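*Asks:* Each chain, letter by letter, is given below.
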Amino acid sequence: MTLDELGPDNRATVVALEIRGTQRRRLMDLGLLPGTEVRVDMTSPLGDPTAYLVRDGLIALRRSQARAVHVEVRDGSERQ
Amino acid sequence: MTSGFQASSAGPACTSCAIYNSANLAKLGVETGDYDYVAAVAGNPNTGKSTVFNALTGLRQHVGNWPGKTVARAEGGFTYRGLGYKLVDLPGTYSLLSTSNDEEIARDFLLFGRPDVTIAVVDSTRLERNLNLVLQILQITDRVVVALNLMDESQRHGITIDVRHLGRELGVPVVPMAARKGEGLPELLEAVEQVATRQPATSVRRVKQRNAALERAVATLSDKLGQAFPGLPNTRWVALRLLEGDPSTEQAVRDGTLGDLGRGAAEAGSARPTGTAAR
Numbered sequence: 001m002t003l004d005e006l007g008p009d010n011r012a013t014v015v016a017l018e019i020r021g022t023q024r025r026r027l028m029d030l031g032l033l034p035g036t037e038v039r040v041d042m043t044s045p046l047g048d049p050t051a052y053l054v055r056d057g058l059i060a061l062r063r064s065q066a067r068a069v070h071v072e073v074r075d076g077s078e079r080q
Numbered sequence: 001m002t003s004g005f006q007a008s009s010a011g012p013a014c015t016s017c018a019i020y021n022s023a024n025l026a027k028l029g030v031e032t033g034d035y036d037y038v039a040a041v042a043g044n045p046n047t048g049k050s051t052v053f054n055a056l057t058g059l060r061q062h063v064g065n066w067p068g069k070t071v072a073r074a075e076g077g078f079t080y081r082g083l084g085y086k087l088v089d090l091p092g093t094y095s096l097l098s099t100s101n102d103e104e105i106a107r108d109f110l111l112f113g114r115p116d117v118t119i120a121v122v123d124s125t126r127l128e129r130n131l132n133l134v135l136q137i138l139q140i141t142d143r144v145v146v147a148l149n150l151m152d153e154s155q156r157h158g159i160t161i162d163v164r165h166l167g168r169e170l171g172v173p174v175v176p177m178a179a180r181k182g183e184g185l186p187e188l189l190e191a192v193e194q195v196a197t198r199q200p201a202t203s204v205r206r207v208k209q210r211n212a213a214l215e216r217a218v219a220t221l222s223d224k225l226g227q228a229f230p231g232l233p234n235t236r237w238v239a240l241r242l243l244e245g246d247p248s249t250e251q252a253v254r255d256g257t258l259g260d261l262g263r264g265a266a267e268a269g270s271a272r273p274t275g276t277a278a279r
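As you go down the protein sequences, you meet chains X and D in turn.
Going by the numbering used here, the first sequence opens with residue 1, and the numbers climb by one from there.
Going by the numbering used here, the second sequence opens with residue 1, and the numbers climb by one from there.
So that you can see chain X by itself, here it is in the shape it has in the complex:
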């Protein structure tokens, strides 16, 4: 799944960034690399942008950017 589909109570691990060039660089500089744990921290009323907690820092991504981040939901964090 991709990061924009991540529910508010789930933790996920980044598996790939499907994006190239300066945008990829930017995301990696902000700490978003394969293996990094992410979760949703805040959502704007329409869900775009959404703020994610990454390595103790908050980063806001547009839905179009979050869609490029492939994640895997962590076991045990699935919402019942």
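Treat the hints as calculated values from the structure; they're not laboratory data.
Where hints are given, some of them may not hold.
As the list claims (entries may be wrong) - Simulated pairs of lysine to any residue, SDA-like, Cα-Cα distance not exceeding 20 Å:
| # | chain 1 | residue 1 | chain 2 | residue 2 |
| --- | --- | --- | --- | --- |
| 1 | D | K181 | D | L25 |
| 2 | D | K224 | D | L111 |
| 3 | D | K181 | D | G158 |
| 4 | D | K208 | X | L33 |
| 5 | D | K181 | D | I159 |
| 6 | D | K208 | X | M28 |
Stated by the list, open to error - Chain X regions said to be covered by chain D (calculated; three or more residues, Cβ under 8 Å):
| # | stretch |
| --- | --- |
| 7 | 22-28 |
| 8 | 55-68 |
Unchecked claim - What follows is a set of in silico ranges between Cβ atoms, one per label pair, in the way DEER data are often shown:
| # | chain 1 | residue 1 | chain 2 | residue 2 | range |
| --- | --- | --- | --- | --- | --- |
| 9 | X | D9 | D | D223 | 50 to 58 Å |
| 10 | D | V253 | X | D75 | 42 to 50 Å |
| 11 | X | E18 | D | R210 | 23 to 31 Å |
Keep in mind that this is a model prediction, so the values were computed, not measured.
Even glycine gets a Cβ: it sits at the ideal position worked out from N, Cα and C.
We have chain X; now place chain D onto it with these hints.
*Replies:* Only chain D this time, still in chain X's reference frame:
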């Protein structure tokens, strides 16, 4: 706290010892006058760079929290133990590889302005995220002091940092501080002086190139850059950017502005008034 950050608990007796003698510090404001060394203040956005800058120079450079607040570099001066320092406050940046305007100012100064000391201010509450930039700076220069700022906040959040271990891993001095309270400043000055005046440590942590083919390409390109732009520092770094296909670096090579950066840095070095700074 595992180690370090004794500053907050410093009793009255400490103020008389040599390291704590703030009488050695004279804040010169914008008057940089005759300086022996150039020190840069770099770091992620919102880590307290301008607070550190103000504490050292006595200036009131605007401190605030919004993107691009320090859009150009601010300069000030101080003397410590009879040596003059010009201090340059750089815009906050997450990386030296991205290409927003204010980040470019910081990057160009660190790469081509060749400061004698770079004070890397990091947010101790978000250490992992901040170390990205520190490692990038260490690729360029080993004359670095890490100012582990906002220790008061990380303590409040119950975060413990093994400062000595961190310093050993990075191979450069790490000074825990709470700049807005003035804590850790004497230790920072001491470390800055040490790095500025002494031979740099040889144990600096560098991210290594593991690929032989890439290493060959970097070496070849770096040589060529050196021939095309004599005096240009950090040609290896520029070569890596070119291999990466970074458009702004390509442009700078194509239109020759890369050479100006190298020359500008050389001139800044020779124009140093007292000329006593020994590298």
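*Asks:* All the hints need checking, so say for each whether the structure fits it.
*Replies:* For each hint, the structure was consulted:
Taken as a hint, the K181 (chain D) and L25 (chain D) pair is honoured in the structure, with Cα atoms around 17 Å apart against an allowance of 20 Å. Simply put, K224 (chain D) and L111 (chain D) have alpha-carbon atoms about 18 Å apart, close enough for the 20 Å limit, and the pair holds. Taking the CA atoms of K181 (chain D) and G158 (chain D), the gap is about 19 Å. The hint holds against a cut of 20 Å. For the hint linking K208 (chain D) to L33 (chain X), the alpha-carbon distance of about 19 Å falls within 20 Å, and the restraint holds.
About 19 Å separates the Cα atoms of K181 (chain D) and I159 (chain D), which keeps this hinted pair within 20 Å; it holds. With a C-alpha separation of about 18 Å, the suggested pair K208 (chain D) and M28 (chain X) falls inside the 20 Å cut-off, and the hint holds. Restraint check on the stretch 22-28 of chain X versus chain D: 3 residues with Cβ-Cβ distances below 8 Å, three needed, restraint holds. Coverage of a stretch by a chain is defined here by at least three residues with a beta carbon nearer than 8 Å to that chain's beta carbons; for the stretch 55-68 of chain X and chain D the count is 3, and the condition holds.
Between D9 (chain X) and D223 (chain D) the beta carbons are some 55 Å apart, a value that agrees with the proposed interval 50 to 58 Å. Judged by the Cβ atoms, the range 42 to 50 Å given for V253 (chain D) and D75 (chain X) holds: they are separated by roughly 49 Å. E18 (chain X) and R210 (chain D) have their C-beta atoms about 25 Å apart, which keeps the hinted 23 to 31 Å range intact.
Every hint, counting from the list given before, is met by this structure.
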